[in-house]
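Two chains, two frames, some hints: make the complex.
What follows is each chain in one-letter form.
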Amino acid sequence: MRLKDLALGEIEDRLATGLRIATGPFTFHIQTRLHDIARGLSRLYPDFPLAEGPFSDFHVRIDALNGLRRLYRPQVQFWLDGHTPFRPLPLEQCFAMLEWGMNWCIAGHAHQYLMLHAAVLERGGRALIMPGDPGAGKSTLTAALMLDGWRLLSDEIALIDRDDGLLRGLARPVSLKNASIHLIQDHSSHAVMGRVAHDTHKGSVAHLRPTTPSLENIALPARPAWVVFPRWQARTEARFTPHAKSAAFLHLASHAFNYSLLGSLGFKLVAGLMDTCECRDFTYDRLPDALELFAELVL
Amino acid sequence: MKPACDDLLGVLIDPRHMAMLDLAAWDRLLPQARQAGLLSRLALQAADLRLTPPAPVAAWFQGARSVAERQLRAVGWEARKLDQALARLGHPVLLLKGAAYAVADLPPARGRIFSDIDILLPKAALEQAEGALRLHGWHGHHHSAYDQRYYRRWMHELPPLVHIRRQTTLDVHHNLLPETARLHTHPQKIIAAARPLPGFQVLRLPCLADLALHSATHLFHEGEWRHGLRDLVDLDALLRHGALQADWWDGLWRRARELRLEQPLALALRYAQRLLRTPVPDTLLEAAQACHAKPLWPLRDALFMRGFGAFHGACHRPGQALAEFALFVRAHALRMPPHLLLPHLGYKAWLALRGAEPETS
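As they're listed, the protein sequences go chains A and B. Taking the numbering used here, the leading residue of the first sequence gets 1, the next gets one more, and so forth. Taking the numbering used here, the leading residue of the second sequence gets 1001, the next gets one more, and so forth.
No lab work stands behind these hints, which were simulated from the structure alone. Where hints are given, some of them may not hold.
Stated by the list, open to error - When the alpha-carbon atoms are kept at most 20 Å apart in a straight line, the in silico SDA-like pairs for lysine to any residue are as follows:
(1) A/K202 / A/A136
(2) A/K268 / A/A244
(3) A/K268 / B/R1073
(4) A/K268 / B/K1081
(5) A/K268 / B/R1065
(6) A/K268 / B/R1070
(7) A/K268 / B/Q1062
(8) B/K1081 / A/S260
(9) A/K268 / B/A1068
To be verified - Here are the in silico distance ranges between beta carbons for each label pair:
(10) A/H35 / B/G1319: 30 to 36 Å
(11) B/D1301 / A/R223: 38 to 44 Å
(12) B/P1343 / A/F86: 31 to 37 Å
(13) A/A253 / B/D1301: 49 to 55 Å
Claimed, not checked - Where chain A lies over chain B, by a calculated footprint (3+ residues, C-beta under 8 Å):
(14) 1023-1029
(15) 1049-1060
(16) 1068-1076
(17) 1304-1315
Fair warning: this is a prediction, and the values are worked out from it, not measured in the lab. Ideal Cβ placement from N, Cα and C applies to all residues, glycine included.
If we strip away everything but chain B, and leave its shape as in the complex, we get (with noise of 0.2 Å):
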C-alpha cells in the first residue's frame, strides 16, 4: 500500500516522467506538489531536463524556481550572520537539516523550501551561544514560564529564536533527541566527526551519514506528517549521493549502530525504498529490518504510509484521521515517557480550551 499520489511519486522518481503528463494529470499534481512542498524541486528538475511543461505549469514553475532562488538567498545569508555572532564561542557549531544542505550544496538542496535554521552545538555552550545570539538580534518569543521549562529541562533544543530585524527563525539543539527520548544518542560523536565549512569560521558540516542519520531521526520522531514526503525525498537524495562513495550502505549501518539510532534509520530506508526506489541493498534492507517487532509491520505499514500522503486531501487512504491521530501519539510517546507526557498534554489541552495559543507541540 502506498499513499494515493501515483503521478507525484512518479515524476519524484524519475523526473522525466514530466514530459508524459497531459493537463489533466498536471490538474491533479500541481496542487499535491504545492502542498507537499516539492513545486520548487520540480520546476527545478524540469529546467535541468530542459523540459516544457504546458503553459499553465510552465508559469507555476517559473514562480517556483524564483521561490527556490530566493530560499537558497535567504539561507546563505542567514548562515553568514549566524557564523558572525557565533564567531567568538569557542565550540564548534553545526548546520543541521535545510541549512546544512544549502550551505554545502548537497542535492536535497535543489529547490527545497526552507521554514527555519536548525544548528547543533556542545550542552556547555549553550548558555554563551544564547547570550552572543541575543545580542545579535536573535530572541525567544514570549513563551511562557511552563514553555521555557518545557523547553530547557526535557527538550533537545531552546525555544524557537526569532530575529527581531528578518522574522527569521532559529532552533538550537543541543542533542539529536529530546532529554527524555527513549532512544538515547550522542551528540558530542556527531560533533566531533563534523568537518569545517569552508569560508565560515565557526560553522561545520556533519558527516553524510550524520545527516541522513538525523534527517531519518527527526522524521521518525514527528509528530505533524504534512511534510513527511518532503522528508522522505530528502532522505532519498542523501542516500543516492552517499551510495557515489565506497563501502557507503555498510558505513552508514556502522555509524547508526555506533549513534544507536538503527530503529529510525531502518524506517527511513524501508519507505525510502518503497515510495522513492532508493536504491537500498536488500542484505541491508533485511538486517535494518531485524531491529523493529516483526509482527508490527502492517501496522507500521498502514500508519506511515497514511504518513506520507497527509499533505493533500487527494492523498489520503481510508483511515486517514485515525492514522495522523495515532502517529501524533506515537511521536509524543518516542519523546517523553507517560508520567511528564501526560500532564503535558492535559496543560495543553487546557490551554486550548481556553483559546490561547500553544508554543509547544
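Chain A on its own, in the form it takes in the complex (with noise of 0.2 Å):
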C-alpha cells in the first residue's frame, strides 16, 4: 500500500497514533497532530510505500509545543526517540523541520553506510554524484534533471553501500530554496511542491515531489559513473571541465557525513568511487542548456 492510497482524513487519523513510512532502506515512524504535516506529506510523498511489518529505523514525532508563546508567535518541535534534538521553529516552518529532521536523523546515525553530502541521480544504470557548496546550484540541477527523467536517490545524501560500493536511494522530496522555486515551476510544468515556508535559515523553502519513477525502482542500486561539481554562474555557456581526481576525493571526504568515522573503510570506499567515476566540474547559467549536456553524457 502506497500513501496515496489514503484519504487525507485517513492520513491524519494515522498519523495521530503513528504512520510508518519506508524511504528507500530507511523506515520512519511519523507522529503528529499537525494538519500541515499530513498535507504536506500527501502531496510530497503519494507514491512512498506503508511500511508493512513492526519495525521502524526512527520514531519520530513533530508537533505544535505548548504554553504561552503559542498565542502569539507558535512554535513547532521535532522529536526523535522522546528527545529534541533542535531549538523550535516557527509553525509555519513545520513541514521543512520534519524535512531536516529526517535528513539528520540519517546522516546523524546511519553508519552502515558511508554518506557522502551530494546529491544522486542514475539514467541508464549509471550513476551521477553531485557534490556541491551552498548556493552552487546543486538541488536546482538536481530537480530539473529529475523532472527531465533521471531517477532520483536523493538532493542531499548519497548512501554507498559498504559491501559492493553501489548507491541507495532515499528519493525523497528535493528542497528548493529562493530564486530556484520559481525557477523550477516555471521551468517544467510536472513540477509538484508544497507550500514555502518562508524567513527559514536557507531563506525561503519548498520541497518538490520526487517522481514516480524514482519511487518505483527505488530498491535498484545504482552503479557509480559521474562526479560533477555543479556550479551556477549568470552569462557563462553551460560546459564541463575536467576535475582532478585527487581534488574530487578531497572534496568528498572533506564533506561527508562519517568518512573519518568509518576509517579504512571510508577511505576504500571513496577511493573505489575515483577508480569508477569521470569527474568533471561543470558551469551554467540556463538550465535547459545544462539539460542538453547531460543528455550528451549518457549518450
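Here's what the structure looks like:
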C-alpha cells in the first residue's frame, strides 16, 4: 500500500498514533497532530510505500509546542525518541523542519553506510554524484534532471553500501531555496511543490515531489559513474571541464557525514568511487542548456 | 520499581536474550539502546555471541560496530598525544573513566561511547600542566571571567579544554569532587595507588577499586541523568571484573572508607544489583546501605529509578519531570553549599533569560 491509497483524513488519523513510511532502506514512524504535515505528506509523498511489519528505524514526532507563546508566536518542535535535538521553529516551517529532522536522523546515525554530502541521480543504470557547496545550484540542477527523466536517489545524502560500493536511493523530496523555487516551477509544468516556508535559516524553502519512477525503482542500487561539481554562474555557456581526481577525493572525503568515522573502510570506498567515476566541473547559467549537455553525457 | 525498559535491562543482564527478540521487541529496544548510548555495546556483544539479529537490526549493529572501533581508535590516539604533551611534567597524570577503560582494555570499554577525555593530576601540577597543554593545542573555549572564577575557585577541574585542530574535549581534574562539595575525598591517595600504563611515559591507571569508586562518585553527583544507565553499565562491568580477584568486595569497601566515598558506593551497589543483577554479596549490600538514612530509601529509589530511565521517553514513569528536577537540585546541593549555590543558579538563570549559552553546569 502507498500513501496515495489513503484519503487525507485517513492520513491524519494514522499520523495521530504514528504512520510508518518507507524511504529506501529506512522506515520512519512519524507522529503528529499537525494538519499541515498531513497535507504536506499527502502532496509530496504519495508514491511512498507504507511500511509492512512492526519495525521502524526512526521514531519521530513533530508537533506544535504548548505554552503561552503559542498565542502570539506559535512554534513547532521535532522529537527523535522523545528527545529534541533542535531549537523550536516558527509553526509555518513545520514541514521543512520534518524534512530537516529526517535528514539529520539518517546523516547522524546511519553509519552502516558511507554517507557523502551530495545529490545522486541515475540514468541507464549509471549514477551521477553531485557534491555541491551551498549556493552552487546543486538542488536546482537535481530537480531539473529529475523532471527530465533521471531517477532521483537523493538530493542531500549519497548512501554508499559498504559491501558493494553501490548507491542506494532514498528518493525523498528535493529541497529548493529562494529563486530556484520559481525557476523550477517555470521550467516544468510537472513540478509538484509543497507550501513555501518563508524566513527560514536558509531563506524561503519549498520541497519538490519526487517523480513516480524514482519511487518505483527505489530498491535498485546504482553503479557510480560520474562525480560532477556543479556551479551556477550568470552569463556563462554550459560546459564540462575536467576535475582532478585527487581534488575530487579530498572534496568528497571532507564533505562526507561519516568518512573519518569509518576509518580505512571510508578511504577504501571513496577510492573505489574515484576508480569507477569520471570527475568533472560543470558551470551553467540556463537549465535547458544544462539538460542538453547532461543528455549527451549519458549517450 | 524499575525504569520501564525491561527489554533493554534484560539484554544488558544477559546479551543472549537478544537471540529471542522478535522485530516488535527490537522496534522498542533499538531506539532505547541508541538513546542510552548502549547500541555499540550490544552490537559487539551480539557479534561475540555470533547472534544474527533480524536484517534491519543487523544493519544498525554493523554501523554501531564502526562507531565503537572509531571511538577506540580516537581515544587511543588522544591518549598518546596527551602523554607526549605532558611528558616533561614531572608529576603523575591519571586517566579516568572511559579513556582509562579503553587504554587499559577493561570490560566497560567494549562498545563504549566517549564524549571527552578525563585526567586527574596533583593540584600543584595544575598550572604547569595547563601551560604544557596549551602549547600542544588544548585551549579553554571563550569562557567568561565568571566561568573562570567558578571553575578555578570552586570546582575540581579546569574549564573544559578543546583541542584546536581535533576539537576533542579534555577535562583536567585535580580532585574527584568540587572543593565545595559535602564529601571530601583524598585525591593524593588515588594518585599514589595508580600504576604505570605500559607504553606511556606519564599516563597512569588508577587501581580498579578507585576506578569503580570514581565512577560511582561521578554518577551519584550527576545532575543530568541521560547517561545514568550507561554509567551504571560501566560500574556493573567494573564490579564484575573486579570480582574475579580474591578479596575484591571487602577490599573495595575498605578503600571506599579510606577515601570517604562509602555513600556513593552504597548507592552504586544497590542500583547495579537491582537493575543489572551485579553479584554484590548480601552482607556488603546491607553494610553499605547503613551509611544512608534508612527512612529515605523509598524516596531515593523513586528518584534514582526515574533517573536511570531518563534516556528515553518510553522508559519514563509518572512524576518523571519532578524526579529529574529533584535529582538536578540534589546534585547541585551536594556539590555546593547554599550560600554559593543560590547566587550561582541566579546568575545562570539571568544569563538564560538573556538568551546566552550557559557554559558551566
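Against the structure, the hints:
Between A/K202 and A/A136 the CA atoms are separated by roughly 14 Å; this keeps the pair inside 20 Å, and the hint holds. For the hint linking A/K268 to A/A244, the alpha-carbon distance of about 18 Å falls within 20 Å, and the restraint holds. Taken as a hint, the A/K268 and B/R1073 pair is honoured in the structure, with Cα atoms around 18 Å apart against an allowance of 20 Å. A distance of roughly 26 Å separates the Cα atoms of A/K268 and B/K1081; the hinted pair therefore is violated under the 20 Å criterion.
For the given pair, A/K268 sits about 17 Å from B/R1065 by alpha-carbon distance, which is consistent with the 20 Å threshold. At most 20 Å may separate the alpha-carbon atoms for a hinted pair to count; A/K268 and B/R1070 meet this at roughly 15 Å. Taking the CA atoms of A/K268 and B/Q1062, the gap is near 17 Å; set against the 20 Å cutoff, the hint holds. Restraint check for B/K1081 and A/S260: the C-alpha separation of about 18 Å stays at or below 20 Å, so the hint holds.
For the proposed pair A/K268 and B/A1068, the alpha carbon gap of about 19 Å is at most 20 Å, so the pair holds. Between A/H35 and B/G1319, the C-beta spacing of about 33 Å keeps the proposed range 30 to 36 Å intact. Under the hint 38 to 44 Å, the C-beta atoms of B/D1301 and A/R223, about 58 Å apart, miss the expected range. The supplied range of 31 to 37 Å is met by B/P1343 and A/F86, whose beta-carbon atoms lie about 32 Å from each other.
In this structure, A/A253 and B/D1301 meet the distance hint of 49 to 55 Å, their C-beta atoms being roughly 50 Å apart. With a threshold of 8 Å between beta carbons, the proposed coverage of the segment 1023-1029 of chain B by chain A holds, since 4 of its residues qualify and at least three are required. Figure legend: the segment 1049-1060 of chain B, annotated as covered by chain A; annotation consistent (5 residues with Cβ-Cβ distances under 8 Å, at least 3 required). Only residues whose C-beta sits within less than 8 Å of a C-beta in chain A count toward coverage, and the segment 1068-1076 of chain B has 3 of them, enough to reach three; the restraint holds.
Only when three residues or more bring their CB closer than 8 Å to a CB of chain A does the claim for the segment 1304-1315 of chain B stand; here the count is 3, and the claim holds.
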